[in-house]
Each structure stands twice: as structure tokens, then as C-alpha cells.
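What follows is each chain in one-letter form.
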Amino acid sequence: QKEVEQNSGPLSVPEGAIASLNCTYSDRGSQSFFWYRQYSGKSPELIMSIYSNGDKEDGRFTAQLNKASQYVSLLIRDSQPSDSATYLCAVTTNAGKSTFGDGTTLTVKP
Amino acid sequence: DVKVTQSSRYLVKRTGEKVFLECVQDMDHENMFWYRQDPGLGLRLIYFSYDVKMKEKGDIPEGYSVSREKKERFSLILESASTNQTSMYLCASSPPGGQNIQYFGAGTRLSVL
Numbered sequence: 001q002k003e004v005e006q007n008s009g010p011l012s013v014p015e016g017a018i019a020s021l022n023c024t025y026s027d028r029g030s031q032s033f034f035w036y037r038q039y040s041g042k043s044p045e046l047i048m049s050i051y052s053n054g055d056k057e058d059g060r061f062t063a064q065l066n067k068a069s070q071y072v073s074l075l076i077r078d079s080q081p082s083d084s085a086t087y088l089c090a091v092t093t094n095a096g097k098s099t100f101g102d103g104t105t106l107t108v109k110p
Numbered sequence: 001d002v003k004v005t006q007s008s009r010y011l012v013k014r015t016g017e018k019v020f021l022e023c024v025q026d027m028d029h030e031n032m033f034w035y036r037q038d039p040g041l042g043l044r045l046i047y048f049s050y051d052v053k054m055k056e057k058g059d060i061p062e063g064y065s066v067s068r069e070k071k072e073r074f075s076l077i078l079e080s081a082s083t084n085q086t087s088m089y090l091c092a093s094s095p096p097g098g099q100n101i102q103y104f105g106a107g108t109r110l111s112v113l
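Sequence lines, in order, name chains A and B.
Using our numbering, the first residue of the first sequence is number 1, and each one after it goes up by one.
Using our numbering, the first residue of the second sequence is number 1, and each one after it goes up by one.
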């Protein structure tokens, strides 16, 4: 079992729809949770971080964390073609070491 | 803005060559990381460092070494490059404390022939 697993893609949604990306992790000692966006040929950039159970909203993005279920998700509302990218879930232990999922590729169709 | 600079965007080397990949960050971050990224395998941690002259093995350290003589610079060394080390290499840095947000360089695409 991989330490961080993301829902297999690719994921395709129409413009204006909600895109839902999911991630599960195996290390119960994980402390910090991140979503990075990576455009093709570019390096990852942080879009959301979440540290405690519940929801965290930032504009069109909402991260959800459930430590009991070892689950973290990212919702993108009103999806835009510019949101088309690969989204990486990252989980960090207290020691600061991060493990990344393989990524989910999202395509938003106009 | 945080800036993480990797010395080369593209690099082509021969099997058996010693290869140096350099990474410099300008935000006085304690933590620095080297990853490789391959299709279907995601981002995998090679080595990381929490301080000058300090290093820790990541998940796939075999065939690699690192050097951190100054806080801002973290070098990845391929002692004897092999074709299976052809990959995209990403350097990242993060500030101390519990947030663990990582800032990535642009990446070096290394081809070993």
C-alpha cells in the first residue's frame, strides 16, 4: 500500500462545475497536509495547506481534512480551464518529511 | 517572494560521469530537499537537510549523495551516472517551524545516455 494515495485520473469536468480530488494516507502521525498544483512542464506550487480537522476555504478552493479517516480532499468550485493541471497531495510528518501522492490530472473543458 | 534556483534546466550526461546538480534558495530556509519525478511514480524524496552539513536519506538515496556546506545551497551528486537516473530533479526548501510548506525550483531534466 502506498503511503499517500490519490484517486486515479484523469478527471475531466466541464467549465463551471465542481472538481473533487481525494487523497488518503497511511501514517497516523502525519501533521500537515498540502495540495500542490503542477502545470505541465512546470514545478509544483502550493495552493492549499490544512493542519486540523474540518474545512479550509480559500477563494474557489476548499480543503477538507478528516484525520480519523486519514482522508484529505480538495474541492474546486466554478472550475476554469486554467485549473487544468496535475494536483499533488502531500502529507508531512512531525519530523518534516513529506510524502507525495502520484497526482491526479484534471482537465476542465470549456 | 521565495526563490529557489536550480543551476541547469536541462542536462545531458554520459553513463559513468559524475554529475552535480546545484540548488540555491534566497529565503534563509533551514530545510532543503531533493526529489526526482518520474511518470507513474510521482515525486520521490532522495535526500533532505535540516541544517548546514546535515543530511538525511529519503526514500530512494541509492546512487546519490548530497552536500550542504552553506545554508542557502544544497547540492545533489550522482557519483557515477546511470541511465536509470534519467529523470526530472526538483529541489525544494521550506522554513523552520511546523508549517512545512515547500517551495520548489524550476527543475532540472537530466538525461543520461
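For the record, the hints were derived by calculation from the structure and aren't laboratory data.
Incorrect hints may have been included.
Said to hold, decoys possible - The calculated DSS-like cross-link candidates involving lysine-lysine, where the alpha carbons are at most 27 Å apart (straight line), are:
id, chain 1, residue 1, chain 2, residue 2
1, B, K70, B, K3
2, A, K2, B, K71
3, B, K55, A, K97
4, A, K97, B, K57
5, B, K71, A, K97
6, A, K42, B, K71
7, B, K57, A, K42
8, B, K70, A, K97
9, B, K53, A, K2
10, B, K57, A, K56
11, B, K3, A, K42
12, B, K53, B, K71
13, B, K3, A, K97
14, A, K2, B, K3
15, B, K57, B, K13
Structure-based check of all given hints:
no. : hint               : verdict
1   : K70(B) with K3(B)  : holds, 16 Å
2   : K2(A) with K71(B)  : violated, 32 Å
3   : K55(B) with K97(A) : holds, 12 Å
4   : K97(A) with K57(B) : holds, 10 Å
5   : K71(B) with K97(A) : holds, 18 Å
6   : K42(A) with K71(B) : holds, 25 Å
7   : K57(B) with K42(A) : holds, 25 Å
8   : K70(B) with K97(A) : holds, 21 Å
9   : K53(B) with K2(A)  : violated, 31 Å
10  : K57(B) with K56(A) : violated, 33 Å
11  : K3(B) with K42(A)  : holds, 15 Å
12  : K53(B) with K71(B) : holds, 9 Å
13  : K3(B) with K97(A)  : holds, 21 Å
14  : K2(A) with K3(B)   : violated, 31 Å
15  : K57(B) with K13(B) : holds, 24 Å
Violated hints, in rising order: 2, 9, 10, 14; the structure is consistent with all others.
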